[in-house]
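This is what each chain is made of:
2 protein chains.
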Amino acid sequence: MFAEVLRTLVEETSGAIGAVVMGYDGIAIDQHLRPVEGVDLGLVAVEYANILKEVKKAAEILQTGELEEVTILTGGYQILIRILSEDYFIGLLMRREGNAGKGRFLLMREAPGLRAELR
Amino acid sequence: MFAEVLRTLVEETSGAIGAVVMGYDGIAIDQHLRPVEGVDLGLVAVEYANILKEVKKAAEILQTGELEEVTILTGGYQILIRILSEDYFIGLLMRREGNAGKGRFLLMREAPGLRAELR
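If you read the sequences in order, they're chains B and P.
Sequential numbering of the first sequence, starting at 1, is according to full-length UniProt numbering.
Sequential numbering of the second sequence, starting at 1, is according to full-length UniProt numbering.
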């Protein structure tokens, strides 16, 4: 089920490069990747898994409510992240000029189904 | 000049709580805060300054292009961050139901002026 949802996410979002369901420990449950030069989705996800853990901790310390979503915009890419559970998140890597609004919508739409699978 | 821009940002964005120009070392140059119960903007900014430093480092390691913007959505708040330079960023803390699109637009509009001041 993860594979199918990840493929849908990447195929239906213009500019998407890859999507991954991953634990905060940096271990991916599943991923779907469009072949693109120079991008190692696994490496990107592991780097950001670590950061997300810190963001989650900060949200807890500051009592700003549970972390739900993190978006990162760089010179070349957009990274959309939605928290699925205490232990897992889903990340969508896309080109900068990609349709982030669509990607965000699809992540929101698919999150409840993915959460149910993780339980 | 920072104080004026920060005030404009907070006043013109519905749901905004406060804005801060801060270094990655967690030291604020200036901030503007609406009085709100239970939110310590300084504390929030210091926590996230640390995280931003990690995000910036990750963007460099992964060669995904320079970091420009980070958005964090929690149960209660939205945090919009725009990078100003190698050393400084501007953060806008707002209630979850606030107008993030407007906040993001204003951060983009004001960033070049703030950058010029930082030089």
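Errors might be hidden in some of the hints.
It does not matter which identical chain is used: a pair holds within one copy or between any two.
With a Cα cut of at most 30 Å, we get these calculated BS3-like pairs of lysine-lysine [to be verified]:
1) Lys-57 with Lys-102
2) Lys-102 with Lys-56
3) Lys-53 with Lys-102
Keep in mind that the hints were calculated from the coordinates and are not lab data.
Taking the hints in turn, this is what the structure says about them:
{"no.": "1", "hint": "Lys-57 with Lys-102", "verdict": "both (28 Å within a copy, 28 Å between copies)"}
{"no.": "2", "hint": "Lys-102 with Lys-56", "verdict": "both (25 Å within a copy, 25 Å between copies)"}
{"no.": "3", "hint": "Lys-53 with Lys-102", "verdict": "both (25 Å within a copy, 28 Å between copies)"}
In terms of the numbered hints stated before, the structure departs from none.
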